[in-house]
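Asks: Residue numbers (my numbering), protein chains in the order written: chain A, 1 to 118; chain B, 1 to 697.
Treat each hint with caution, since some may be false.
Computed list of lysine-lysine pairs in DSSO-like fashion (alpha-carbon distance at most 27 Å, straight line) [said to hold, decoys possible]:
1. Lys71(A) x Lys585(B)
2. Lys69(A) x Lys41(B)
3. Lys109(A) x Lys539(B)
4. Lys71(A) x Lys536(B)
5. Lys93(A) x Lys44(A)
6. Lys582(B) x Lys71(A)
7. Lys42(B) x Lys24(A)
8. Lys44(A) x Lys41(B)
9. Lys44(A) x Lys630(B)
10. Lys91(A) x Lys42(B)
11. Lys44(A) x Lys573(B)
12. Lys633(B) x Lys24(A)
13. Lys633(B) x Lys107(A)
14. Lys24(A) x Lys630(B)
15. Lys657(B) x Lys44(A)
16. Lys42(B) x Lys71(A)
17. Lys585(B) x Lys95(A)
For the record, the hints were derived by calculation from the structure and aren't laboratory data.
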Amino acid sequence: MNKLSNLLFAILMMASLQSFGQRKVEIRFEVDGVCGMCETRIEKALLETPGVWAAEWDVESHEVFVVYKPKKVSEMDLHRAVAAVGHDTQKVKAKSDDYDALNGCCKYKDEDVVNNHK
Amino acid sequence: MGQADTNLYQSVDLKDIEVRAEAAATFISAKSATFVNTISKKELKKAACCNLSESFETNPSIDVSFTDAVTGTKQIMLFGLAGKYAHIQTELTPLVRGLLSNSGLSFIPGAWIESIQLTKGIGSALNGHESITGQINVELLKPDEMANDALGPDAEGRGDILLNSYVNQGGRMEGNIAMGTNLNDQWSVGMLGHLSGRNIANDRNQDGFMDMPLGNQANVMLRAKYWGTNGLEGLFTLHGLTDEKRGGQGGSLFDSSPINQPWSNAINQDRLAFTAKTGWVSPNHNDLSIGVINHWYSQGLNGHFGSDADLLNKRTFNHTQQGGLTQVLVRAEVLEGQLYQTSGMVFNIDAYDMNQGRNGQGEYSGSWTETNLGAYSEWTYTPLESFTAVGGLRLDQHSIAGLQWSPRMHLRYAPTKLQTIRLSAGRGFRMALPMVESLGRLASNRNLTYAAYGNLMGGDMTTFESAWNAGASYVYNFTYEYMPGSIAADAHWTVFDHAIVHDYWMPGQHMVYQESTYNGSPAKQSNSLGVTLNYKLNKSTDMRLAYRNQITEAKYMDNPSGETMAQLPFVAKHRGMASLSKAIKGGWELDAAAQFYGPQSLPFGGWGAPTAFGSEQSPAFTLLSGQVRKAWKGGDIYLGIENALDVRQPNPISGAKDLAGNVLAADHADFTSSFDAIRIYGPIFGRNLYMGLNLIF
Numbered sequence: 001m002n003k004l005s006n007l008l009f010a011i012l013m014m015a016s017l018q019s020f021g022q023r024k025v026e027i028r029f030e031v032d033g034v035c036g037m038c039e040t041r042i043e044k045a046l047l048e049t050p051g052v053w054a055a056e057w058d059v060e061s062h063e064v065f066v067v068y069k070p071k072k073v074s075e076m077d078l079h080r081a082v083a084a085v086g087h088d089t090q091k092v093k094a095k096s097d098d099y100d101a102l103n104g105c106c107k108y109k110d111e112d113v114v115n116n117h118k
Numbered sequence: 001m002g003q004a005d006t007n008l009y010q011s012v013d014l015k016d017i018e019v020r021a022e023a024a025a026t027f028i029s030a031k032s033a034t035f036v037n038t039i040s041k042k043e044l045k046k047a048a049c050c051n052l053s054e055s056f057e058t059n060p061s062i063d064v065s066f067t068d069a070v071t072g073t074k075q076i077m078l079f080g081l082a083g084k085y086a087h088i089q090t091e092l093t094p095l096v097r098g099l100l101s102n103s104g105l106s107f108i109p110g111a112w113i114e115s116i117q118l119t120k121g122i123g124s125a126l127n128g129h130e131s132i133t134g135q136i137n138v139e140l141l142k143p144d145e146m147a148n149d150a151l152g153p154d155a156e157g158r159g160d161i162l163l164n165s166y167v168n169q170g171g172r173m174e175g176n177i178a179m180g181t182n183l184n185d186q187w188s189v190g191m192l193g194h195l196s197g198r199n200i201a202n203d204r205n206q207d208g209f210m211d212m213p214l215g216n217q218a219n220v221m222l223r224a225k226y227w228g229t230n231g232l233e234g235l236f237t238l239h240g241l242t243d244e245k246r247g248g249q250g251g252s253l254f255d256s257s258p259i260n261q262p263w264s265n266a267i268n269q270d271r272l273a274f275t276a277k278t279g280w281v282s283p284n285h286n287d288l289s290i291g292v293i294n295h296w297y298s299q300g301l302n303g304h305f306g307s308d309a310d311l312l313n314k315r316t317f318n319h320t321q322q323g324g325l326t327q328v329l330v331r332a333e334v335l336e337g338q339l340y341q342t343s344g345m346v347f348n349i350d351a352y353d354m355n356q357g358r359n360g361q362g363e364y365s366g367s368w369t370e371t372n373l374g375a376y377s378e379w380t381y382t383p384l385e386s387f388t389a390v391g392g393l394r395l396d397q398h399s400i401a402g403l404q405w406s407p408r409m410h411l412r413y414a415p416t417k418l419q420t421i422r423l424s425a426g427r428g429f430r431m432a433l434p435m436v437e438s439l440g441r442l443a444s445n446r447n448l449t450y451a452a453y454g455n456l457m458g459g460d461m462t463t464f465e466s467a468w469n470a471g472a473s474y475v476y477n478f479t480y481e482y483m484p485g486s487i488a489a490d491a492h493w494t495v496f497d498h499a500i501v502h503d504y505w506m507p508g509q510h511m512v513y514q515e516s517t518y519n520g521s522p523a524k525q526s527n528s529l530g531v532t533l534n535y536k537l538n539k540s541t542d543m544r545l546a547y548r549n550q551i552t553e554a555k556y557m558d559n560p561s562g563e564t565m566a567q568l569p570f571v572a573k574h575r576g577m578a579s580l581s582k583a584i585k586g587g588w589e590l591d592a593a594a595q596f597y598g599p600q601s602l603p604f605g606g607w608g609a610p611t612a613f614g615s616e617q618s619p620a621f622t623l624l625s626g627q628v629r630k631a632w633k634g635g636d637i638y639l640g641i642e643n644a645l646d647v648r649q650p651n652p653i654s655g656a657k658d659l660a661g662n663v664l665a666a667d668h669a670d671f672t673s674s675f676d677a678i679r680i681y682g683p684i685f686g687r688n689l690y691m692g693l694n695l696i697f
């Protein structure tokens, strides 16, 4: 019984470890946003994109740091994924519908909102 | 940050709570001088069920022992030593103590818990003299948290009523409610409620004994919190509970030839307590604050072990306890940003009335009152970001133990941002209630004797226990493949000057006596070494691997030649744990864990001639568990399995059956001469499926 449990566990570990092997690429680009809620939204959109390994957005510099596997996802896909949740990037602007859907405090194009976060 | 922050003022500092909600499931604060492991609600959700003892099942430092068939309560162990040596508190007040020390953990429902702070090694001088191996403080949900948004990571600011319901294959059913409302800007009120029971008997191993006791529990807490603009804060709690358990031979439930007077046991417990915690933070000096804790309780424990058909071996007990404490803490900064101190005084009182009977007559009865007046001071010095020293001293004038001193020292040094080294040392003492703390051990026809010094029920120096603890730990945080991880290693030594020893090594005997250190040989000791690796395998998968080596020994009377240090029974020298947690899109979460238990030393099972100490060992075994959870905005539902491979201890109860496998009656000669239900090293019931539901309104 012990052997069986050890085996099951080994299989679980292997399944999680196999993705280590693939080549990963780092990239940084600008994404507009103002607050912690924006950060959560931007990072979630990226992390939920298949092929993205890690994502971190910095509220001060507006820069997002992404690690991804180029075999699975392209750089433009990353920009599109962020724009789709309402945030403009260097290469893709968000549709106005998606921007309008943002929470009031996240309206990064509104000067009052931006000033409130300073 | 010293222990003062994690304690008194944590409950009134909302910012702390918000930080914790976003933190990892378990984390070790890099800034704290003590080795504090905070277990958040997120981690608690990975454990199957239901109350505080089970909350530790995913924690590699703490062993959750296997419940005996009789009391049905799981005990915890830290460093291979019983949970009673870890100072367990709920919001800095005692609950798992005195008459409730045996089952108090089951009186803190998991659904009520906001977070747990587990300190490995000696605790702070501020919180009491009873901390020896560590300190466990449980924070429960506060009224304002319940009214606002802290009902769970998934609550997203909605709802002020949490309903939880749980059911398992063993027949346990449970319902919990947590609700709160803000009355105005200053006051919020809340209620925590719990009803649980098991009314279906199970006997999977067909030995005539129920695998788990039947029983019911009702448990209610009413809370009010005041948050003034003038720096005044207050938290007021009224707690009431009643719990009954019935175990033993099922009689006609299983058997076609019913046993008329089955061996049975009943344990009834109740408690009524009131707590008022008030605090004042100077509006002018944020670094000056005063806290006052008042806590008063009345609790009872009664029941029996045995059969009316064999009165000679039947024990009854009926105990009550009234007591309380008043504590004052003053915290002030001495040197800005570098040195602050917390000092204060505490008065404790406990009045016990204890009655134990055997063979239909009184075996022991006594009442006594213990008082303690303690004064303490703790100084925290942080000259550099990378270094903290905490020195504390407490003096206690105890009505039985006399003047006792408990020095406590914690050092923290962070040579780099990613590494932390900690050292700790200190002394603690406590007054034991040996028969209450080992209640389940009465489920045996062993001849109970109190060797050498009278009765050992409590109330005099024969139940005094004191020990020194020293510890060292190292934490290294790293990033590999862009993912965070940490390695934590710790070593702890506990050496008892005086200790209560339960000795099961002589055939047919259960001897209780106090051992003391002399000739350099300690009364009891534990050496423990643990290593834990946490690593995020990828964006959705967390992994934990842990190993602990613990050698715990006590000095046993080894008639007639003198005394021998031998490994404590029921403690696995090697413990391992591995767990994986995976989040999947759409609110799904998968958890899987494996727990390895190395061989445990067992007391002699038979009534034959004794063999050498520790020569009888339990087999090693591994338990697997898993859980699937699906969360949505209004709550979550979970389905899980404990002990998936159905590992079970064969023949856990000696004397229950004859050689042909027939269940014996409690007055059968073979039963009366060999009945023993204390040799429990593994699961009795086996595989257990469960399901639960949380709803937020």
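Asks: Would you mind marking each hint as holding or not holding in the structure?
Replies: We went through each hint and held it up to the structure:
For the given pair, lysine 71(A) sits about 21 Å from lysine 585(B) by alpha-carbon distance, which is consistent with the 27 Å threshold. Restraint check: the Cα-Cα separation between lysine 69(A) and lysine 41(B) comes to about 34 Å, which exceeds 27 Å; the hinted pair is violated. A hinted pair counts as satisfied when its Cα atoms are at most 27 Å apart, and lysine 109(A) with lysine 539(B) does not qualify at roughly 30 Å. With a C-alpha separation of about 22 Å, the suggested pairing of lysine 71(A) with lysine 536(B) holds against the 27 Å cut-off.
At roughly 18 Å between alpha-carbon atoms, lysine 93(A) and lysine 44(A) fall within 27 Å of each other, so this suggested pair holds. Restraint check for lysine 582(B) and lysine 71(A): satisfied, since their Cα atoms lie roughly 23 Å apart, inside the 27 Å limit. Restraint check for lysine 42(B) and lysine 24(A): not satisfied, since their Cα atoms lie roughly 30 Å apart, outside the 27 Å limit. Pair hint lysine 44(A) plus lysine 41(B) holds up; C-alpha atoms about 22 Å apart against a cutoff of 27 Å.
Between lysine 44(A) and lysine 630(B) the CA atoms are separated by roughly 18 Å; this keeps the pair inside 27 Å, and the hint holds. About 38 Å separates the Cα atoms of lysine 91(A) and lysine 42(B), which puts this hinted pair outside 27 Å; it is violated. Of the supplied pair hints, the one linking lysine 44(A) and lysine 573(B) is violated, its CA atoms being roughly 44 Å apart against a limit of 27 Å. For the hint linking lysine 633(B) to lysine 24(A), the alpha-carbon distance of about 34 Å lies beyond 27 Å, and the restraint is violated.
Proposed proximity of lysine 633(B) and lysine 107(A) is supported: the alpha carbons are some 24 Å apart, at most 27 Å. Proposed proximity of lysine 24(A) and lysine 630(B) is contradicted: the alpha carbons are some 31 Å apart, above 27 Å. Distance hint between lysine 657(B) and lysine 44(A) is unfulfilled; the C-alpha atoms sit about 60 Å from each other, more than 27 Å. With a C-alpha separation of about 34 Å, the suggested pair lysine 42(B) and lysine 71(A) falls outside the 27 Å cut-off, and the hint is violated.
For the given pair, lysine 585(B) sits about 24 Å from lysine 95(A) by alpha-carbon distance, which is consistent with the 27 Å threshold.
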